[in-house]
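Colleague: Can you make the complete structure from the sequences, with help from the hints?
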Amino acid sequence: MSTAGPLGEFLRARRDLIGPGDVGLPAHGRRRVPGLRREELALLAGISADYYLRLEQGRDRHPSTQVLDALARALRLDATATEHLHGLARPAPTRRPAPRPERVPVGIRQLVGSWTGTPAFVHGRHLDVLFANPMATALAPIFRAGVNLLRAVFLDPSVPTLYPALTAVAANAVAGLRAQVGADVDDPRLTELVDELTAGSERFRRLWARHDVTDRAGGGSRVFQHPRVGELELRYEKLGISGTTQSLIVYHAEPGSPSARSLARLAPTAVGSAAQYP
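Its first residue numbered 32, the sequence shown is counted upward by one per residue in our numbering.
Just so you know, the hints here were simulated from the structure itself, not pulled from any lab data.
Relax, there's no trap hidden among the hints.
Derived pair list, reagent style EDC-like, types lysine to aspartate or glutamate, alpha-carbon separation capped at 20 Å:
{"hint": "1", "residue 1": "K269", "residue 2": "E285"}
{"hint": "2", "residue 1": "K269", "residue 2": "D109"}
{"hint": "3", "residue 1": "K269", "residue 2": "E133"}
{"hint": "4", "residue 1": "K269", "residue 2": "D246"}
{"hint": "5", "residue 1": "K269", "residue 2": "E114"}
{"hint": "6", "residue 1": "K269", "residue 2": "D243"}
Derived Cβ-Cβ restraints for the label pairs, each shown as a range:
{"hint": "7", "residue 1": "G50", "residue 2": "G118", "range": "21 to 31 Å"}
{"hint": "8", "residue 1": "D217", "residue 2": "R61", "range": "35 to 45 Å"}
{"hint": "9", "residue 1": "V302", "residue 2": "D187", "range": "18 to 28 Å"}
Keep in mind that this is a model prediction, so the values were computed, not measured.
Where is the CB? At the ideal position from N, CA and C, for every residue including glycine.
Modeller: Written as structure tokens, this is what we have:
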């Protein structure tokens, strides 16, 4: 962690992603920064350039709610990123409790295990797969219990074949990790994972430096290239599990579609009991 702290690093990263033309400012003359200048962002947020400089350099880490909202508007942050910005400005806890193994609630395990035709799994705070039903592992081996999804996306050589749209998958995975850990960027397990991926993947380094963040809950679509049944276009639903930092991921196909028929063909191969890690 630099002396700027998580708040300063976030502000700098997001400032670099906003060009003057994006916010109605002239872009004349030679510019030494990829995005907005500090004084330009300060002007847009209605604060002094000196005060913004203190925020970005980590010399003032507790701005008011009004200042944070003004910066969020100037940076064009969505609701999720704005909430993340506010979280970064809160004082970090002074004591860290001893880490405990993440355990999936019994009811969630029973529910996910009962879905014999629907791929579903649960991942934890650091995107480790904690529990997966047989359909999930039949769909993709990286969905088995014990796999870290982020490590798989960036370091597993089989993943580019699995995901034709790997660029979007990778960006979503990094933004998802940011959402999971929030302001707790000094988490030792997070530091270990980020260091490993930073050393092993240029793509990860670029994405992590952007400070993108996505909602813990939501949905979307994914295309899989399966070695046995071919291409599957599936919807996914991402649901936060109450009282935990865990998320439930469920994949499903449009009823009557070719992907639904292909998914049904996977069911007979999904043998064995649902697995939990560790």
